[in-house]
Every structure is written in C-alpha cells, then in structure tokens.
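**Q** Residue numbers (the numbering used here), protein chains in the order written: chain F, 1435 to 1731; chain H, 79 to 552.
Just so you know, the hints here were simulated from the structure itself, not pulled from any lab data.
Don't take every hint at face value.
To be verified - Here are the computed lysine-lysine pairs in the DSS-like style, where the Cα-Cα straight-line distance is at most 30 Å: (1) 546(H) <-> 1589(F); (2) 1609(F) <-> 1597(F); (3) 1578(F) <-> 445(H); (4) 1572(F) <-> 445(H); (5) 1578(F) <-> 546(H); (6) 1556(F) <-> 1609(F); (7) 546(H) <-> 1597(F); (8) 1578(F) <-> 450(H); (9) 445(H) <-> 1597(F); (10) 445(H) <-> 1496(F).
Stated by the list, open to error - Label pairs and their calculated CB-CB ranges: (11) 267(H) <-> 1540(F): 49 to 57 Å; (12) 1519(F) <-> 450(H): 32 to 40 Å; (13) 450(H) <-> 1615(F): 27 to 35 Å; (14) 433(H) <-> 1519(F): 13 to 21 Å; (15) 547(H) <-> 1536(F): 26 to 34 Å; (16) 1609(F) <-> 539(H): 56 to 64 Å.
Think of the CB as a built atom: it goes at the ideal place given N, C-alpha and C, for glycine as much as any other residue.
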Amino acid sequence: MAAILGTVLDMRDVAREKNEADAAVAARVRKVDRDQRQTVGLPFVEEPRMICREVNVYYGDKHAIKNVSIDVGKNEVLAMIGPSGCGKSTFLRCLNRMNDTVAGCRVTGEIVLDDLDIYDRKVDVVPLRARVGMVFQKPNPFPKSIFDNVAYGPKIHGLAGSKSELRDIVEGSLKKAGLWNEVSDRLDQPGTGLSGGQQQRLCIARAIAVRPEVILMDEPCSALDPIATATVEDLITELKEQYTIVIVTHNMQQAARVSQRTAYFHLGDLVEVGSTDRIFTNPRHQLTEDYITGRFG
Amino acid sequence: MNEALCPLTDGAAMSSSLLIALILLLSSLAYWLGCRRAVALAQRPSAARLHSRPGYYGVLAGVWCGLPALLIVAVWHLAADPLLTRMAMNGVAAAKGVVSPDQVDLLVNDMRNLVAGNVVMHEVDPLIQAAADQYIGLQRLSDLALATVALATALAGVSLFLGRIRPALRARNQVERIVKIVLTLCSTFAVFVTVGIVLSVLFESIRFFQQISPADFLFGLKWSPQMAIRADQAGSSGSFGAIPVLAGTFLISGIAMAIAVPLGLMSAIYLSEYASSRFRAVVKPLLEILAGVPTVVYGFFAALVVAPAIRNLGGLAGLPVASESALAAGLVMGIMIIPFVSSLSDDVINAVPQSLRDGSYGLGATKSETIKLVILPAALPGIVGSILLAVSRAIGETMIVVMAAGLAANLTFNPLQAVTTVTVQIVTLLVGDQEFDSPKTLAAFALGMLLFAVTLALNVAALYVVRKYREEYE
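Start from the sequences, fold in the hints, and give me the full structure.
**A** Structure, rendered in structure tokens:
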C-alpha cells in the first residue's frame, strides 16, 4: 500500500512537469520492459470525476481485471484501447455497475463517483446508472417511436413534470445529439427504422436525456460506416464540454482524434496511461509501443 | 370354401407388396449402375469432366427406374378394382332381376365378402359364387399383367437412362429439381388436407341448412336436438339454436383464459427474467408436464375433486352451485393450458435481445420497468400467439367439459350453473348409431363449421392486433 501511495505521489510530481519534458525524458530512457506489471504514466489527475483504486474483476475463476487504478477527469474524454479480450469493456461496465447483470461476476476495490463509493452496499444502482449513462457497441434503440426512445429515461426517472416539459427534454437531447434536424418531422416513427449512425446518435440522445454526469461508450462506432463514425466523433467532441466521457475503442485513430487521455489495457492489466498525444507519439511501455505500432492487436 | 379363399387374397396382397419391393430393389440396383456408368464415362481418356458427382447420376437412374413403375402400380390399383368388379358382375344383376342401384350394390357387396373370405350370413347364391370365382381369376390375371408391365417399365426406364448418360448431363440440377418438387408436395399436403376437412364439414353443413334455416341455427336461443321417430310423436320438434351452446363454450373458455393467461404469463416472466438458471432448468420441464397429462385425467380431477369442492364452498357461502358447473370445468381447463401460455411466452421473452435489456438498465431503469416497458412490448406478438394457441385449445377442449360441466344447454353466464359447449354437443350428437340424413346428426357438422368460423375469426382478430401494436426489434 505504501509503495502504491509512493508511486501515486511520484506521479503527481511528474504530472507537474511539462508534456514536452515528459516526452523528452521518455525518449532518452529505455522502454519499460514487457513484463513490468505496474501502470506506467499518469493514471491520476488533478480534478477527478471518478476515482478507481485497485479494482479487480473476476468472472467465476477468471481474473479479468487485475488491480487497476485510474482517475477519470472532469470534462475529458478518456479513451481505453487494447487488444480484444484485454478487459477494457469489462472495466467500462464496472463504472456504472452494468456487470451486476452478468452472472458470476465479482468486483473488488473502490470506484468513487464524486463522493459516492458506487460499490458500497447501500448504493442503489438505479440512480447511479442515471448519473453514469452508457452507449453500447451495437445501436440498440428500443422498438418504440423515436420520441418514446428518448422520453424513456426521463419518464422512468420522473424528470419531466408535464408533457410539454418532456417534449422540451426530448427536443433538447436530440439537438445535443445532432439528430434533431434529421428526425424532427418523424418523431412518431420507429427508432429501429433509422440508419445505423442515426440509431447510435438516438442512443446517445437517449442517454443524454437523463442528464448524466458521465457517459460510457463501448465501441460506439464499431458498427457504423466511416461517415456515420465521423458524425458520432464530432458529437463526442461537443459533448465533452458538458459531460465526462469514457470511450472504449478498437480504432486507434479514433482514440487519437477524440480523446485527451488514453489508457492501454493488456490481458487485464492497465499497462500505460497518459495524454493521448504522448501515448501515440512516445509510448513508454514496450507493450504499448508494440500495440500502437501494429506489432499485435 | 372361405378358408380356401383366404390364402388367395393374401397372395394377391403379398404379390403387390412383393412387386413394390422388387421395384425398389431394381431402382437401388439402377442407382449403383448409374454411379458406375458415370464413373466409367469419366475415366475414358477422351471424356470431358462429369458435370455432377457420380451419385447424382445414380439417383437419377434410380428415379427413372422406380418412379414410372411405382406410378403404374398406383394407378393400376386404383383403376383395376372397379373394372374387375364390373366384369365379374356382368350380367349377374340382370339374371337376378335386380334393377335399383342400391340392390345392385348389395349384390356387389355379397360378392366382395365372398372374395375377401368374410362370413356370409345367408345361403351363398350360386350366381354370386360364380361371380366371385371369376373375380378371383381376373384379379390373378390382372396382378400378373401389372407385374409384367411394371417390371418392364422399370427395366425400360433404367436402360433408357443408362443409354442417355453423358458427362455433360446436368444430373445434379435435375435431381435438385426432383427434390424441390417432392418438398413442395410435402408442404402442400397439409394444406390440401385442411381444405378437404373444411369441405367435408361444409357439405354436411349445407345439407343441415337445407332442413333448418341458418337464422334459426345462428340466432336461436334454445338447443334441444330431438327428432321425431314417428310422425305423430308428441313434443317431437327439435330446436337447433346454437346460441346457448356457443355461450357455454365462451363462458368456459373465458374462465379458463382468466386462469391461464395471468398465471402463465407471470410464470413466464419469472422464469425468464428472475429465476436462477438452476430453478428454471427444474421448473420449466415440470410445468410442461402439465401439458402432457391426458385431458381425460384432467376430466376426473375436475369432476371428482374440483366440482365437489366448488359445490361445498358455494354451499358454505350460501350460493346455489350445480353439481356440474362451468366454473369447475373452466378452472381445470385453465390449469391445463397454463403451460401453453407460459412455455411459449417464456421462449419469446428469452428471444428479446439482451442488448435491449442492457440499454434499459444502462438508463437506470429497474428490472420491472425494463420488463413492462421494453421486454413485454417487444415480445407482444409472440405472447399473443401463445395466448391464441391456448384459446384454440380451450375452445376445442371436450373431455374436461363432458365430465365436469354437464350436457344441459343452459343459456346463462352464471359460472356456477351447468352449461355445455359446442364440442361436447358434437360428441353427443355423433356417439352411437346415427342416421346421416337427420338434422340431429347433421347439426354436429354445422356446429363444427361454426366452431371453425369462430376460431378463424379469433385468429384474424389477433393477427390484426399484433400487426397494429407490434414493436419490431432487429
């Protein structure tokens, strides 16, 4: 524990240094060895919205996430990258306790949202998931009208006092998701009739409608074509102004385009965290370098 | 004499099954020959590549050998018997001085009985005996001719085909076309049978409506299907008003559905959304056993356990309860159809994609909100389908009602009284010896037609509801 605190303090010191100096140091120093298990880089930030400490996840006997500690800063986009099966989606699903629905899944460690320890026994997942929204890999609009899709969350949480208020929430959310102009004249049409990119933006609008603080995105563009992907990426950049976003992606260009910080996972270990620029130009850990240069993945 | 005839007729039956076996044997031989011939053709130095795998040539050879021959056997059997009978009976009717077709039929039947070796009640007429002997002789000749023609066709077919085999012959495409035709025939079989059933019921119903006006049947409030045996019999006029019977059907089915739909649907929701997989693995098959209990057994249960219990309870509450009540039958029927609703609905609910559940939970919905607002609407078409199947079962159920609800055609919606249903009336109308030209018997077909129309209307209505409210995922 003391050792970990030590590293934490070290990291804080390092964090004060300028990015260029950081990069210069990294360039001089030999790459961190492949077998080094400790997280390299800067996992902690000055103004965290979510704080994760020593998080472990087990699926039955399988140790899926190994001792991961990381912060998610306010109004930043944190990208999580790594090869398939490295645990990045699992870790993402811990942040709003979506893993609760998976049988045989056990989570230890501490995850704090603002001041709330979300794995505390007393915490109710329902309001938590309203604060930490989620967008999934495959667009999954409900088989309802576009309006009802967006109104679903506000309705169940009682966010709208009247019909007109609900209407305003729906309109506002669709506008924020950049979908309003495309669907304003057909709100009563089924959401499943939209194109893939529109469906995904509808799902984002649906998540925004419950006014979350954090939005988790699990490979939100992997089922979309390049044009729809570009639209969703622009949207993420806009949403960053109001929300904290954690995005899992397989696409390293996407991580580079939308995120400020990047975390690299490997077989359940959080290998390296740092500013996105630094990770992609100057990875410190051998595994990170291998992955982003395409030696495996 | 009769004993002597038996082996002969057996021999005839034997020879035709022997013939079919022989044809099948020949066509498997043809399969082998076809394969071999195709392989041999392909191995010739100058030969082109075979269009299809050798097996396809074999199958085609087998079809060429077997199919025409089997068709000949089938047609021959259909056509030969009337022809032979006519030849054997030629002149017999005239010699006996019989003119009316009914009496000719009687003579023919006598002859047939003799041929088949059945016990003949009266003295055997020498003329008929001669006709029977002639029939047997003709039949033997006909069998022999059939065997010759069929085998010759089989051999001709296979030799013709073997001569036609070329590497370029598109055997696979032809075999595939044959397979497609066979599949089409199989799938249309059920349709034709349904049409046949409907038509047979329809024609009998038309005969019924020639004697009883449709308005009386459809709107009559009294069901008492009695017919006079003598012209001067008192109180002989039957009344065929279907309303009380139909009302009884709806009453009992309604009670059954009121039991089965909530219980079945809720158990489906519990099993698919809440139950642990171990509990589910045990309980679901147990629930399905309910569907496997014979309805007669449910009938005992209804008549011997439930009906007396209801009567006693009613007695305690001061209510007059008939010893056979619609409630008893409906309750037990409801229990019987629970698994239809629960098992099918459970499957449909399970088929709703997990991504929809995740989406809902991800927005902070509770389990019950997710079930009510997302899963049930998405599963609605399937749930309605399962309920529909249960309704059809309830309307068509007979045994429980016979035993527990009685036969009295009371026009009432009081579930504590005895009522009767359409199916029960059909059974009582057709049990025992019946003359098939009296309205009493024909009424059964009219009732059947009515039942069919009602279930069809229910199906159409349910389809409409499903189309209107379905929420499609995909």
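**Q** Enumerate the violated hints, using their earlier numbering and listing them in ascending order.
**A** When the structure is compared with the hints, numbers 6 and 16 turn out to be violated.
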